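If you want the building blocks of each chain, they are given just below.
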Amino acid sequence: MTPQEIAVVILAVGGVFFAAVAAIGLVRLPDLYTRAHATSKSETLGAVLALAAVALVVDTGLSTVKAALLLLFMFLTNPTAAHAITRAAAEQGIEPWTTDADSETETEPETGTDTGSDSATGTPAGEVTES
Amino acid sequence: MTLVGDVLVAAAAAFVVASLVGVYRIVRGPTMPDRVIAVNVIGSNTVIIIALLAAAIGEPGALDIALVYALLNFVLSIAISKFSVERGGVL
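Chains A and B supply the protein sequences, listed in that same order.
For the first sequence, counting from 1, position 36 maps to 36 in my numbering; every step adds exactly one.
In my numbering, each residue carries its 1-based index in the second sequence increased by 131.
Derived by calculation from the structure, the hints in this document are not laboratory data.
In this text, all values refer to a predicted model and were calculated from it rather than measured experimentally.
Backbone N, C-alpha and C fix where the C-beta goes; we use that ideal spot for every residue, glycine too.
Where hints are given, some of them may not hold.
[Unchecked claim] Stretches of chain A that chain B covers, calculated by requiring three or more beta carbons in the stretch to come under 8 Å of a beta carbon on chain B:
| # | stretch |
| --- | --- |
| 1 | 2-13 |
| 2 | 23-34 |
| 3 | 50-58 |
| 4 | 71-84 |
| 5 | 91-99 |
[As the list claims (entries may be wrong)] A partial selection of chain A residues facing chain B, derived with a Cβ cut-off under 8 Å:
| # | residue |
| --- | --- |
| 6 | 20 |
| 7 | 43 |
| 8 | 47 |
| 9 | 63 |
[Said to hold, decoys possible] With beta-carbon atoms standing in for the labels, derived distance ranges:
| # | chain 1 | residue 1 | chain 2 | residue 2 | range |
| --- | --- | --- | --- | --- | --- |
| 10 | A | 99 | B | 189 | 43 to 53 Å |
| 11 | A | 93 | B | 188 | 39 to 49 Å |
| 12 | A | 72 | B | 213 | 18 to 28 Å |
| 13 | A | 100 | B | 188 | 50 to 60 Å |
With the hints as constraints, model all of the structure from the sequences given.
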C-alpha cells in the first residue's frame, strides 16, 4: 500500500465513525438543542474527513480543487444551518430539556417578567404611533 | 476494483445506513425543527455519498452534482428557519 492509500483509508474510516456518532446522537439524545449540538459538530467533522479522502483519491487537478471547495463549503454552512434552525426554534418558544424541575421554576418567572416588560413597553409605543 | 475503490464504496454504504437512521427522527420527531435538523443531516450525508461514489467509480464530473446539492441543502435550511420565524410557520 502506498502512503496515499493508507491516508485515504484512515480518512474514510474516520468520516464513517463521526457520521455514526451523529446518527446515534440524532436518535438517542432527548432534546432538539442537544440533537442539534451533536449533529452539527459530528456531522461536520465526518463530512470534512470523508471529503478529504475524496480529494486525495481524485487525481485531476480541477477535481481536487472542486473537492476542496466542497469541503470548505460544508465546513462553513453545516454549523450555520444548524444554528439558524436552532435559533428559529428558540424564538418559537421551544423549551430546553432540563433534568431538575426546580431550575425550570427558577428560570421561568425571570423570562416571563422580561417578556411582560417588553410587551408592556411595546404597547404604549404602538399607541403613540397610532395617535 | 482496487482497494481504495472498495473502501470508498463501503464508506458510502455506511453513510446510507446513517441516513436511514436519521429517517427515524423525521418520522418520530416531536416538533418541526427536529425534522428540519434530521433533513439537513440526511442532505449532508447525500452530498458525501455522491462525492464518495464519484471518486470510487472514477467520474469526477459528479462532484459538480454534489456541489449543487450542498448549495440547495443550505438554502433549504436557511429558508425554513427564516420563514418559520418571520411568517409564523411554513410547514
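Checking each numbered hint in turn, tell me which of them this model violates, lowest number first. No hint contradicted; all consistent.
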